[in-house]
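Spelled out, the chains give:
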Amino acid sequence: DAKTTQPTSMDCAEGRAANLPCNHSTISGNEYVYWYRQIHSQGPQYIIHGLKNNETNEMASLIITEDRKSSTLILPHATLRDTAVYYCIVRVIYGQNFVFGPGTRLSVLP
Amino acid sequence: ETGVTQSPTHLIKTRGQQVTLRCSSQSGHNTVSWYQQALGQGPQFIFQYYREEENGRGNFPPRFSGLQFPNYSSELNVNALELDDSALYLCASSLDFPGTDTQYFGPGTRLTVL
Numbered sequence: 001d002a003k004t005t006q007p008t009s010m011d012c013a014e015g016r017a018a019n020l021p022c023n024h025s026t027i028s029g030n031e032y033v034y035w036y037r038q039i040h041s042q043g044p045q046y047i048i049h050g051l052k053n054n055e056t057n058e059m060a061s062l063i064i065t066e067d068r069k070s071s072t073l074i075l076p077h078a079t080l081r082d083t084a085v086y087y088c089i090v091r092v093i094y095g096q097n098f099v100f101g102p103g104t105r106l107s108v109l110p
Numbered sequence: 111e112t113g114v115t116q117s118p119t120h121l122i123k124t125r126g127q128q129v130t131l132r133c134s135s136q137s138g139h140n141t142v143s144w145y146q147q148a149l150g151q152g153p154q155f156i157f158q159y160y161r162e163e164e165n166g167r168g169n170f171p172p173r174f175s176g177l178q179f180p181n182y183s184s185e186l187n188v189n190a191l192e193l194d195d196s197a198l199y200l201c202a203s204s205l206d207f208p209g210t211d212t213q214y215f216g217p218g219t220r221l222t223v224l
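Read top to bottom, the protein sequences are chains A and B. Using our numbering, read the first sequence as starting at 1 and increasing by one per residue. Using our numbering, read the second sequence as starting at 111 and increasing by one per residue.
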């Protein structure tokens with residue numbers, strides 16, 4: 001079973017920041033937080049991952065709380081092409097496969 | 111850099127038949143994982159191949175089998191197809207090394223079993 005809980009769906013206005021929350025209250029010290037997204041009927045796309053420090057790349061920012069029990073994925077300026085299902089996954093960094101939950105369906109509205 | 115590719119894109123089979131799906135890993139990646147995604151659900155791990163051997167398996171019956179070739183490409187074989195095998199089959203490649211084994215997914219093969 002997935003070790004994370006996410007809202008089923010969210011809406012965001014185009015051009016605004018999309019903030020997607022994820023709870024992982026049972027995360028272990030050696031488990032990373034990964035985010036993927038899946039645009040309709042395509043393969044999941046890797047976005048970002050982190051352990052305890054906040055991370056940023058060209059796609060998004062990942063904010064992890066100090067107790068590591070929750071995190072937020074931030075898309076700074078959402079576009080219509082960001083409409084997708086977003087998956088939050090916790091996993092040890094090496095040697096373990098990804099367990100996907102149902103994810104959050106983000107709809108970016110014009 | 112070439113990404114993960116899968117073939118065919120779509121496939122229709124009838125119950126009881128056998129099917130082979132193919133995956134070419136991303137350049138430089140030596141590990142391939144297969145996932146099954148039923149409609150409306152997240153991907154479910156089937157198995158992983160590393161150095162041409164199965165390296166972990168999810169809760170799938172033995173009629174799901176695979177191969178990995180020396181060039182790291184891979185096949186997923188499913189025997190005695192059932193209606194519930196209708197799904198999107200995803201292949202993901204990664205580099206088997208601590209700290210760098212993020213999985214990158216291909217576009218998937220949509221299998222329909224009638």
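Don't read these hints as lab results, they were simulated from the structure. A hint or two may mislead.
To be verified - Here are some of the chain B residues that sit facing chain A, going by a computed Cβ distance under 10 Å:
1) Thr112
2) Gln116
3) Ser117
4) Pro118
5) Pro153
6) Phe155
7) Gln158
8) Gly166
9) Pro171
10) Pro172
11) Gln213
12) Phe215
13) Gly216
To be verified - In silico negatives: residues of chain B with every beta carbon more than 10 Å from chain A:
14) Glu162
15) Glu163
16) Phe170
17) Glu185
18) Asn187
19) Leu191
20) Ser196
21) Leu200
22) Tyr214
23) Val223
24) Leu224
Claimed, not checked - Here are a few chain B residues that sit away from chain A, every Cβ distance over 10 Å (derived from the structure):
25) Ser143
26) Asp195
27) Thr212
28) Pro217
What you are looking at is a predicted structure, and each value in this text was computed from that prediction instead of being measured. Glycine residues also receive a C-beta, built at the ideal position from the N, C-alpha and C atoms.
Cross-check of the supplied hints:
1. Thr112: Violated, about 15 Å.
2. Gln116: 8 Å, holds
3. Ser117: At 13 Å from the nearest chain A Cβ, serine 117 of chain B fails the 10 Å test, so the hint is violated.
4. Pro118: Hint violated; proline 118 of chain B Cβ to chain A Cβ min 15 Å, cut 10 Å.
5. Pro153: At 5 Å from the nearest chain A Cβ, proline 153 of chain B passes the 10 Å test, so the hint holds.
6. Phe155: 5 Å, holds
7. Gln158: 6 Å, holds
8. Gly166: 6 Å, holds
9. Pro171: Nearest chain A Cβ about 18 Å off; hint violated.
10. Pro172: 19 Å, violated
11. Gln213: The hint holds - glutamine 213 of chain B has a Cβ within 10 Å of chain A, the shortest such distance being about 6 Å.
12. Phe215: Where the cut-off is 10 Å and the nearest Cβ of chain A is about 4 Å from phenylalanine 215 of chain B, the hint holds.
13. Gly216: 5 Å, holds
14. Glu162: The claim stands: glutamate 162 of chain B keeps its Cβ more than 10 Å from every Cβ of chain A (closest is about 18 Å).
15. Glu163: 15 Å, holds
16. Phe170: The assertion about phenylalanine 170 of chain B holds, with a minimum of 12 Å to chain A.
17. Glu185: Fine: 17 Å to the nearest Cβ keeps glutamate 185 of chain B off the interface.
18. Asn187: 19 Å, holds
19. Leu191: 21 Å, holds
20. Ser196: 14 Å, holds
21. Leu200: 5 Å, violated
22. Tyr214: 6 Å, violated
23. Val223: 17 Å, holds
24. Leu224: With a cut-off of 10 Å, leucine 224 of chain B remains clear of chain A, as the shortest Cβ separation is near 19 Å.
25. Ser143: 6 Å, violated
26. Asp195: Non-interface label on aspartate 195 of chain B holds, nearest chain A Cβ at 17 Å vs cutoff 10 Å.
27. Thr212: Incorrect as stated: the minimum Cβ-Cβ distance to chain A is 6 Å, not above 10 Å.
28. Pro217: 5 Å, violated
When each numbered hint is compared with the structure, violations occur for hints 1, 3, 4, 9, 10, 21, 22, 25, 27 and 28.
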